[in-house]
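Asker: Residue numbers (my numbering), protein chains in the order written: chain F, 7 to 509; chain V, 73 to 520; chain C, 439 to 830; chain X, 6 to 138.
The hints are simulated quantities; they were obtained by calculation from the structure and are not laboratory data. One should not assume that every hint holds.
Straight-line Cα separation of at most 20 Å, SDA-like style, residue types lysine to any residue; simulated pairs [unchecked claim]: (1) Lys380(F) - Gly91(V); (2) Lys493(F) - Leu48(X); (3) Lys493(F) - Arg373(V); (4) Lys113(V) - Gln366(F); (5) Lys131(F) - Gly91(V); (6) Lys241(V) - Val316(F); (7) Lys460(F) - Lys819(C); (8) Lys734(C) - Gln454(F).
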Amino acid sequence: MNEKIKKVSRHINQNEGLIFEKSSPGKRAFELPPLDVPAADPTKALGANHRREGVEGFPEVSEIEVIRHFTRLSTWNHAIDLGMYPLGSCTMKYNPRVNEFVARLEGIATEHPYQPQELSQGCLKILRLLEKCLLEITGMDAITLQPAAGAQGEMTGLLLIRAYLQKQGNPRKKVLIPDSAHGTNPATAVIAGYEVENIKSESHGQIDVEKLREQVTRDVAALMLTNPSTLGIFEQRIAEIAEILHAKGALLYMDGANMNALTGVTRPGDLGVDVMHLNLHKTFSTPHGGGGPGAGPVAMKKILEPFRPVPILVEKESGRLALEPVRPDSIGKVKAFSGNFGVLVRALAYILAYGPGVRQATEDAVLNANYIRKQLAGVYELPYSLPSMHEVVFSDAIQKKNGVNTMDIAKRLIDYGFHPYTTAFPLIVAGAMMIEPTESESKEECDQFIDAMKSIAEEAAANPELVKTAPHTTRVRRLDEVGAARKPVLRWKPASPRSEAAG
Amino acid sequence: MRYLPKSPAERQEMLAAIGAKSIDELFSSIPERFRLREALKIPGPYSEAEIIQYFKDRAAENSNGYTSFLGAGVYNHLRSVVTDTIILRGEFLTSYTPYQAEISQGTLQAIFEFQTLMSQLTGQEVANASMYDGSTAMTEAVLMAERLTGRQRVLVARSVHPEYRDVLKTYAKNSGLLVEEIPFAANGTVDQQKLKGALKDDVAAVVVQSPNFFGVIEPYAPLAESAHASGAMFVVAITEAVSLGLLRPPSEADIVAMEGQSFGLAPSYGGPFAGVIASRDKFVRQMPGRLAGQTTDSQGRRGFVLTLATREQHIRREKATSNICTNQALCALAATVHLTLLGKEGLREMAEQNLSKAHFAISELLKVPGVRRTFDAPFFNEFTIELPRSVKIVNSQLSREKIIGPFALGTPYPELTKHALVCVTETTPRAEIERFAGALKRALEQPV
Amino acid sequence: MESTTISHTSELRKTALNALHRGLGAKMVNFGGWDMPVEYPSSGGLIAEHKAVRASVGVFDVSHMGDIRIRSGAKLGGALAAVQYISMNDASKLAIGQAHYSAMLYPEGTFVDDVIVHRLGEDDFLLVINAGTREKDINWVRENTKGFDCVVEELSDAYTQLAIQGPRAVEVLRKLTDADLSSIKNYWFTHGTVCGLKNTLIARTGYTGEDGFEIYVPSDVATSERVWKQVMEAGREFGIIPCGLGARNTLRLESKMALYGHEISDKINVWEAGLERYCKMEKGDFIGRAALERAKAAGLSRTLVGLEMIERGIARDEYCCCNEADEKIGVVTSGSPSPTLGKNIALAYVPPAYSAVGTVLYVEIRGQKCKAQVVPTPFYKRVRKAAAPSVS
Amino acid sequence: MAYPKNYRYTKEHEWIDVKGDLATIGITDHAQHELGDVVFVELPKPGAKIEAGKSFGTVESVKAVSEIYAPAAGEVLEANGELHNTPEKINSDPHGAAWLIKVRLSNPAAVSNLMDAAAYEAYIAEKGKETSA
């Protein structure tokens, strides 16, 4: 479509520019109440060398333009609210609106982290109840709600392990990570000061326990295990794995990314896990919001409790709650203030909505995944035959014969009104198609997804070119990622003979 | 259950299609002995009304009806209802990280606009798609400086937010980073002699905050000079972003780490906020976090993608520049909408009101017998005053008059137990400032 | 593989069986310059003929099809080289006795014609082409094989070509030949004695989407009529009936087989027609290859989809397709009621954006917008017996 | 693309062209193929020491980063600055214009232990089988 044409028609071919391109001096979208004190002279108050004359390039537009601009942009997104979003390992479930409502309440959203704790009992009670619920769900002994996201939760967990081992005289050198693990695990291990040793999965995609026995030495601090694995398969010998580690004084870390498969059905604590993080934006329905904010609470066994990051939530004898800023053995602070409170509020609202009935959500999630697996088996190749939990991983082996790969099929799904599944991950499956429907999908939605996948398989055989050039229905077609990386344009600049940034 | 779109019959149908007799069969891979027999002991299920009531009850146990003079890294500013209207749209609220560019152009373009706004504000060439918050952003900025210089010593001004420094220490502990603190001079700014003394050719970064934790504005030029003279990077942290509407940006800085909470994000008891890292083009490949880049599609239309992803953990694994996966997209979007609403004029005006109110407040407070100004240096909307007695005691008296007193500096700075950090923004009415001054007077008149 | 281009020669051409068709009271039409039977009211007409082929067996006179034989000259390999150059499929993969679907392309990557290439011998190929494009095709082949050491001869008039089609065709033909039919896989052929005629070409090919055979017998009237009658005789117990071009068209449409001048033409390229799997870019250069490379890079602007009418009305060739917004988005290439499905179906070119199965669009039928929906193709798929595996 | 006979090759897909104690080092056509469109190259500065088998830089494509390992030990004399602005050269001419660094070898003899063109081609053919298996 011609960039010059500014007419706005149906959203898929709508042509909304950058907000900066709508700017014109003198337009306003916001007015402040009149100043009720004498105006200070900035130059006098700050000194000329500190003074700034407005921000160069800042937009000047009206309120309606702001509303329209962002509303139009929003129509270019796919979202859970629009349809199934089967991204494997991302648990794109429904985000209840009551969560948003309560997080914005006067007295919740308005509270300052430094206000006196006797004036914060409401906030602290919310944190306390969430702690209790998550401990019951994970079967652990202690927890911290501090980490801002899953990745920071991972780091916190490893720092706990490090501190614990350090206290015993030797932090040890290595962290074992399965080849099926998410890329964050190794990145985190390094930031926590550990070397990474990969461990190979055996033919069924499970951890090779016999090999593990050999790999677990006195140098090993911990094993980072995702369970169910990124293949959507439950690690059946996890208890044995824990024993092997414990026998050598090492600990078992569990990546809780896939907790949506276990909640209410089994508890990591009972499986021998020593420490784990939860992704509240996955299992506990807080919105992904296009990539954050999240929260990554870390639950742990007693032995790790003394090392939790500060502040620590404690119950005073009087029954009053307090955040304690200092603990002798604490690993320190991982984030300013007291965690992503707003996200924690939403997660609690979700848990309260289900209560013990949260098990039903887990069952439905697993039911959906297995239903899709059954209907698509044969149409797409199943690289691993072990039973699926909350997600199922296919591969593009059959379609590859016609030169159609997992990414092509994923892009074609867009034309059928679905968000693509996770492609090219886990790394141990060539041409992986990782599908996680979550419990939020009705049978009808699952059936439509299945029909779409079948139809695409037919197209891949009959008319590969059609699939290879998908998507065809989006506002933009496949984008030039190579060009974007070779000559990065990372901000708008006023159009000028030299600068092409405005495109 | 209202969130679950299946009837019992449909569940049976699907089980039949799978060929399973019962739902338990689907969990057969979990060893029998580990399967929960009894229900979880958690409250619920609650109806929507009950959930709302529960949180309203909690809200009632907080600080309703109090006037606060707290800042110290979290600020109360005007927010337009338009911001929430936008970020509550399902297309923004319920979408994932924009890896599939073709159906994420909304999020991607918004991030690109955010990056542009942040670059303009900070006087830097490039800004990322946001980080967890200011404290982690500052830490990541230091780690970035370490990668760029290959040096391991970091000098951090003691006038940098105490919690930011704590977070940095936590990360530093295991990355072999040596963190040393530089004291502040009598006027509250960084002690430049001490800084020069500590600077050697092994220093990766000099980190200052401005306005600093005492509200004092740091002079960038000389600090940058000394840092660069010894080949160290000059890192500037900013906790009160509104100040940039009136203050010259730290264009001397190599890396700027900023907290974006002041831009349309509620205090929310400490989070979620949005950190920002801004820097120079030449350093971009060492910059942590996500970046949206402009490109074109097969038909030559402008579009946006996440780019330079190879810096990220999901590609680099153990070689990643950071282990951060989520940014704070929705918070960044809120900030983008908020700043777009404010615009050039609105932001300037908001900053000017903060300045005026703060200067009005200090003049009122200094009229109170026994109250003295701690630092004689320019400030924006926060300033430090000295009281004749411990701030904690005074604050407990103030709270009887429904005033949440200023931040007591005694905890992070033992030598400043009688010193208080007062914050006043455009949201604080003149009457409340005057009431505060009066209450303070009464409090100080009372015998200890 | 037939053409509807109307020939301008005042005198219509006739097959050796023309008198016989008229004798059977067939409804005759001018088809690409040929006087051909469109249906046989005596045998129940189009629908009955169509159903006979799907359910049992029917016989077609397709003698109007053209035949081009290409043999190597002095130097061996000349024929293969020539065929490789003028057609898009990879003839080097053909075993002797095997045939495949292919096409001759213009340098633009669009269609001269589609063909069935038979490999008679190491250096001997038979190309079966459309009736209406005979002259064009033969000239094109002669023109473009000049550079190769091969001999090109047209045999079109030498044969009467009968298509015996339907699940029971094999049983009918078995009674008339000594050849072991069960050993002939789909798209393979052999030579055997048929109705006493030695060395007759028997190919397990067709244009109906059913199992079936095409036999090539001498084109004198006497022999042709004799063979026809013997086929009818042998087929009687299976209810064989003569079938016209009408049924042939509905049968191929249900099976989404391209028809020159409709789904394929000099305006349509291989990718658009969705015939990628018969186009072997990797085999080396051939006429049209370069253009196809470019077209691939440029991306698809339209693609062939199957439509099923939701609202009443039959979509015919050339009818427009439009979207809700009433924008014209594509055109129907063939359309008809489907006797097998009892629905009105059509093939149409639309932008890929409208290609997803389930997409609703509209066909303009005499000024009326009629709702249609994209459905999976082929509309009809026969249940294959192990004996006759797929070509692709 | 042909593998120059006079080059030596490593299992990590680097090539080295030795002239006396001077050598030019780059990555092989196979490597650039595996990598896809190259978008960025990170190379050592002149004067830097490189150790046989140790990484001395990285090559990035859109979705992958790979380390470049030194085929032999020595000191970097020059890095190919061209590649900073035109990384795509690595895709178009990996064995020629897109050389990465020139070095002075500390022990030129050691290079003879590396694969020659024939051995290398056999090696990647073998790998090909594994992956397709």
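Asker: Please go over all the hints and tell whether each is borne out by the structure.
Answerer: Hint check:
This hinted pair checks out: Lys380(F) and Gly91(V) have alpha carbons roughly 9 Å apart, not beyond 20 Å. Between the alpha carbons of Lys493(F) and Leu48(X) the distance comes to roughly 18 Å, so the proposed pair stays at or under 20 Å and holds. As the CA atoms of Lys493(F) and Arg373(V) are separated by approximately 17 Å, the hinted pair is consistent with the 20 Å bound. At most 20 Å may separate the alpha-carbon atoms for a hinted pair to count; Lys113(V) and Gln366(F) meet this at roughly 15 Å.
Of the supplied pair hints, the one linking Lys131(F) and Gly91(V) is violated, its CA atoms being roughly 46 Å apart against a limit of 20 Å. Straight-line distance between C-alpha atoms of Lys241(V) and Val316(F) comes to about 13 Å, which keeps the hinted pair within the 20 Å bound. The hinted pair formed by Lys460(F) and Lys819(C) meets the criterion: a straight-line CA distance of about 16 Å does not exceed 20 Å. As the CA atoms of Lys734(C) and Gln454(F) are separated by approximately 30 Å, the hinted pair breaks the 20 Å bound.
Checked against the numbered hints given earlier, the structure breaks hints 5 and 8 and satisfies all the rest.
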